[in-house]
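Student: All chains, please: the whole structure from these sequences, using the hints.
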Amino acid sequence: MSIIHKPHHFVAGQAAVASQVNDNFTTLYTAVNGQLDASNIKTNQWLDTKTFYCSSTSGTTKKYFIFRNGSHGGNGIIKEIGIAFSSNSGDDLNAGTTINVNLYRIIDATAMPAGGMSKLNTASVGASALNTPIVSTSFNSVLTANTAFVFELVPTSSGGSDFNGQDISFWITYAGTIFAPS
Amino acid sequence: MATVIKPYTFSANTPAYAEHINANFDMPYGEINGALDLANLRDEQFIVSLNFHCEGAVPASTADAREIIFKWTQANVTINELGVAFTATSGGAAAEGYVRVELLEWNGAAWVSMSAAASTAVLFVEVHDTAFATTPDYLVTNTTYKLSIQSVQDGDGDESNATEVDVWIEGRASLAEGNP
Numbered sequence: 001m002s003i004i005h006k007p008h009h010f011v012a013g014q015a016a017v018a019s020q021v022n023d024n025f026t027t028l029y030t031a032v033n034g035q036l037d038a039s040n041i042k043t044n045q046w047l048d049t050k051t052f053y054c055s056s057t058s059g060t061t062k063k064y065f066i067f068r069n070g071s072h073g074g075n076g077i078i079k080e081i082g083i084a085f086s087s088n089s090g091d092d093l094n095a096g097t098t099i100n101v102n103l104y105r106i107i108d109a110t111a112m113p114a115g116g117m118s119k120l121n122t123a124s125v126g127a128s129a130l131n132t133p134i135v136s137t138s139f140n141s142v143l144t145a146n147t148a149f150v151f152e153l154v155p156t157s158s159g160g161s162d163f164n165g166q167d168i169s170f171w172i173t174y175a176g177t178i179f180a181p182s
Numbered sequence: 183m184a185t186v187i188k189p190y191t192f193s194a195n196t197p198a199y200a201e202h203i204n205a206n207f208d209m210p211y212g213e214i215n216g217a218l219d220l221a222n223l224r225d226e227q228f229i230v231s232l233n234f235h236c237e238g239a240v241p242a243s244t245a246d247a248r249e250i251i252f253k254w255t256q257a258n259v260t261i262n263e264l265g266v267a268f269t270a271t272s273g274g275a276a277a278e279g280y281v282r283v284e285l286l287e288w289n290g291a292a293w294v295s296m297s298a299a300a301s302t303a304v305l306f307v308e309v310h311d312t313a314f315a316t317t318p319d320y321l322v323t324n325t326t327y328k329l330s331i332q333s334v335q336d337g338d339g340d341e342s343n344a345t346e347v348d349v350w351i352e353g354r355a356s357l358a359e360g361n362p
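Sequences listed follow chains A and B, in order. Residues in the first sequence are numbered consecutively from 1, following our numbering. Residues in the second sequence are numbered consecutively from 183, following our numbering.
To be clear, the hints were calculated from the coordinates, so they are not data collected in a lab.
Simulated crosslink set (BS3-like; lysine-lysine; CA at most 30 Å straight-line):
#1 B/K253 / A/K50
#2 A/K6 / B/K188
#3 A/K6 / A/K42
#4 A/K62 / A/K119
#5 B/K253 / B/K328
#6 B/K188 / A/K42
#7 A/K62 / A/K79
#8 A/K42 / A/K79
#9 A/K62 / A/K50
#10 A/K50 / A/K119
#11 B/K253 / A/K79
#12 A/K50 / A/K79
#13 B/K328 / A/K50
#14 A/K79 / A/K119
#15 A/K119 / A/K42
#16 B/K328 / A/K62
Tutor: Now the structure itself:
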C-alpha cells in the first residue's frame with residue numbers, strides 16, 4: 001500500500017460526518033491488516049551477514065571474492081567485516097604472518113585489481129592467530145545498491161615464511177532495507 | 183498481533199461515543215507500537231541473498247562442469263537475479279571463452295533448468311541475469327538446487343581458463359510459509 005494518507009481532516013466547531021470518520025479508520029485498518037510494505041518501515045532495519053570461505057592462500061598472492069548488492073534492497077550500512085582462520089599447514093603457524101581482508105567497491109572492473117576499486121574499510125583487518133576473529137567497524141561508505149563489491153584477501157609473510165593458515169572465513173554484516181517494490 | 187478488526191462503525195445522525203472512537207484508535211496504535219508481525223506485511227518484502235565461491239579452475243571443457251548443490255529450507259523466494267564473476271585465471275591471460283553459471287532445480291528425478299544463466303568472459307567483470315521469465319523462478323521451500331559452473335567456448339573454440347568463480351542469487355521473500 002505504501003505511505004497512507006488520512007482521507008479527512010476535521011475542523012473544530014463543526015460536526016464530523018460519520019462516513020468520513022469511518023473512512024479515516026478504514027484507511028488505517030486496511031493498511032495495518034496486511035498491506036504494510038517497505039515504504040512503511042524505516043530503512044536499514046534488517047541485518048544480514050554474508051560469509052565467505054577460502055581454503056588456503058599461496059605465498060603473498062592476493063585472492064578476490066566478488067559479490068553484489070542488488071537493485072531491489074537499497075543501500076546497506078556496513079556494520080562490520082571480519083576474518084578468522086581455523087587451521088594451518090605444517091606443524092606450526094608461521095609466526096608474524098597474517099591474513100588481511102579488505103572490502104572494495106568496484107568502480108571499473110576492467111582496471112582491477114591494480115585500480116578500479118575503492119577501499120571501504122578505513123582500518124586494517126588482519127588475523128594472525130588460529131581461531132581468533134578480528135573485526136573492523138570503521139568504513140567510509142555504504143554498501144550501495146546495484147553495485148558490485150569485492151573482498152581482497154592479503155596474506156603477508158614474515159622472516160622468510162609465508163602465511164600458512166587455512167580454512168579462512170571472512171564476513172560482512174550490514175543493515176539493509178527490505179525490498180522496496182517499484 | 184496479526185490482523186485487527188475495527189471495533190465500531192459510526193452512523194450518520196448518531197452521536198459517536200468517545201469511548202468508541204478511542205477504542206477504534208487504540209487498536210491500530212497498539213498494533214503499530216511493537217505488535218506488528220508478518221501478517222501485517224505485504225508478501226515479498228524481504229531481500230534474500232546467497233553467495234557461493236568456487237575455488238580453482240573451471241573445467242576446460244564445455245561438456246564438464248563444477249557444481250554446487252544446496253537445499254533451500256526457508257520460505258519461497260522469488261529470484262531477482264543470478265550473477266557470476268571470476269577473479270583469477272590459470273595460465274596467464276584469460277582465454278576468450280565464457281564462464282557460465284546456470285541454476286537448476288531437482289524435481290525428484292532429474293535436474294531441471296530454471297531457464298536463467300549468466301556468463302562472463304572478462305576478469306573481475308560481473309554479469310547478472312534477471313530474466314527469469316520462464317517458470318519456475320522460485321526457490322521453493324524444501325527443494326534442492328544446483329549451480330552448474332562451466333566453460334563455454336567462444337567463436338574461435340577457446341575455452342575459459344577462469345579460476346576463483348563467485349556466484350550469487352538475490353531474491354525476495356515473505357519469510358512466511360505458503361507463499362506463493
